[in-house]
Amino acid sequence: MVAIEITGKALTIEEVNAVANARATVKPLGPETASRMTATHQWLNKAIQKRDTVFYGINTGFGSHANETIDPDQAGILSRNVILADVAGIGGPLPEAIVRAMMVIRANTMAGGPSGIRPVVVETLIGMLNKGVTPYVPEKGSLGASGDLVPLATIAAVATCDADGGGYSGKAWYKGELMSGEEAMRQADIPRLNLVAKEGNSMINGTAFMAAVGCLSVEKCEKLIRHSEIAAAMSMEALLAVSAAFHPSLHEAANQKGQISVAENVRNLLQGSQLVDSTDRVQDAYCLRCIPQVLGPVKDTIAFARGYIERTLNAGIDNPLILDSNGEEPYACISGGNFHGEGLAFIMDFLSIVMSEVANISDRRSFALLTPALNYGLPSMLIPANGLNTGLMVAQYAAAALVSDNKTLAHPDSVDSIPTSANQEDHVSMGANGARHLWEILENVTNVIAIEFLCAAQAVDLREDGPRRLGQGSRIAHAVVRKNVAFYDKDKEMSPDIARLAQLIKGEKILEALMGIQKQ
0 MVAIEITGKA LTIEEVNAVA NARATVKPLG PETASRMTAT HQWLNKAIQK
50 RDTVFYGINT GFGSHANETI DPDQAGILSR NVILADVAGI GGPLPEAIVR
100 AMMVIRANTM AGGPSGIRPV VVETLIGMLN KGVTPYVPEK GSLGASGDLV
150 PLATIAAVAT CDADGGGYSG KAWYKGELMS GEEAMRQADI PRLNLVAKEG
200 NSMINGTAFM AAVGCLSVEK CEKLIRHSEI AAAMSMEALL AVSAAFHPSL
250 HEAANQKGQI SVAENVRNLL QGSQLVDSTD RVQDAYCLRC IPQVLGPVKD
300 TIAFARGYIE RTLNAGIDNP LILDSNGEEP YACISGGNFH GEGLAFIMDF
350 LSIVMSEVAN ISDRRSFALL TPALNYGLPS MLIPANGLNT GLMVAQYAAA
400 ALVSDNKTLA HPDSVDSIPT SANQEDHVSM GANGARHLWE ILENVTNVIA
450 IEFLCAAQAV DLREDGPRRL GQGSRIAHAV VRKNVAFYDK DKEMSPDIAR
500 LAQLIKGEKI LEALMGIQKQ
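Numbering that gives the first Met the number 0 puts the first residue of the sequence shown at 0, with every later residue one more than the last.
Calculated directly from the structure, the hints in this document are not laboratory data.
There's no promise every hint is true.
Stated by the list, open to error - DSBU-like cross-link-like pairs, simulated, lysine-lysine; straight-line CA separation at most 35 Å: (1) K130 x K26; (2) K170 x K139; (3) K130 x K508; (4) K222 x K518; (5) K482 x K505; (6) K518 x K256; (7) K8 x K256; (8) K8 x K139; (9) K489 x K508; (10) K406 x K139; (11) K406 x K489; (12) K256 x K505; (13) K508 x K222; (14) K45 x K26.
The task is simple: from the sequences and hints, build the whole structure.
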């Protein structure tokens, strides 16, 4: 695996995910990046020592304490104090992948230079990533406005120390064992940082939690939408659907990129099918006929989210920022609000809404497969000897429960705001809540699609000579499903099979089998 270089300028979603999931190595800072960071740090250090200018969060307090000045000689203490004061997380731990993604994102942001901090701060995070020190970060507590303060402070508490080298260090995993942050750093042979001016604030004043969930979620969404196309195609086969609704000209007339892509993929999956178009029906219900019109906009939304998140990865997100000046000084220290996560909060909500719709329409197809009035000759609940056997009825109950759960989880968090910090921070994004809800929605969607695969494969097998009459893509997908889950000739517990299919989706085995047939 290629090592990742962080410069603050060119980090990609794929690189974040490689560090998060595959433990890709992060290179030491290059000389150009280190030089850029050192230049802004040295300028800032000289500026605060002049004692003639007030810089927010550097020689002042934070939030509602912004008008209270601090002696520059105490700036290092202030840096450590703001970290400790923001360790207020609640709940169980975030997944390791999210924490590692947060760390590489924040390191990259600070490496850009405008934070005005020493390169050693970034190098410490790089060392933690490469040696596998993963802080224990509670899942709740961030407002997503003055950055993701609480989760980032929890990471920073492990990486930093009091002036005497000790002090609170939180908890961290190292080599599979949870221990104090201090002990994890000691065993990994990484010195904890004794901070100087501004560094504490820079370590925590970013949107790295929302961006981390965004990076991991975009990739999940892109793969889930492809699985949904495959499951939909298999359901179309089982329900003897009409292919006219997927004609290229129809979708070119709609002039929407995502819709055109979905229609093309479904056509390719169905190519050679002897089940589709085998009746005299003119058109199908919306859950079949309108697959491109529903999944297409989902694809477009995911693409928009990808672009926004990737730009955010390489943005100057801190406050204040040390920026190029057009005056006599080479730099200017400018206070603003780039830490506000409203944009990412919108992205979390957009993805939550559209992915909930992926589950909605998938469940409608599962329902149709199970229902005699809708499934064109298949046995009730897809079981040969029904009455004595209940069949797959309750699998759809589970899907319905997850779909309904998503409707609550997808309520936009970004429309909510509660004033904080004595009304200094009077509007917050609540994007961190949106990120948590999105993460849960994607797990639900995975299981809903797994249930559609379960129902569609069962239905295909109940058609006369069904598997042999499938289109080229559906046939491959059906075979992969059947290698993992057997046909139901009588009632049995379904949870293990649903879990197995969900894992099949996460492991991308079906996508791998369909390489060359289905496009991105």
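Here is what the structure says about each hint:
| no. | hint | in the structure |
| --- | --- | --- |
| 1 | K130 x K26 | 12 Å, holds |
| 2 | K170 x K139 | 16 Å, holds |
| 3 | K130 x K508 | 30 Å, holds |
| 4 | K222 x K518 | 11 Å, holds |
| 5 | K482 x K505 | 16 Å, holds |
| 6 | K518 x K256 | 13 Å, holds |
| 7 | K8 x K256 | 29 Å, holds |
| 8 | K8 x K139 | 30 Å, holds |
| 9 | K489 x K508 | 27 Å, holds |
| 10 | K406 x K139 | 21 Å, holds |
| 11 | K406 x K489 | 33 Å, holds |
| 12 | K256 x K505 | 26 Å, holds |
| 13 | K508 x K222 | 11 Å, holds |
| 14 | K45 x K26 | 30 Å, holds |
Figure legend: structure checked against the earlier numbered hints; every hint is met.
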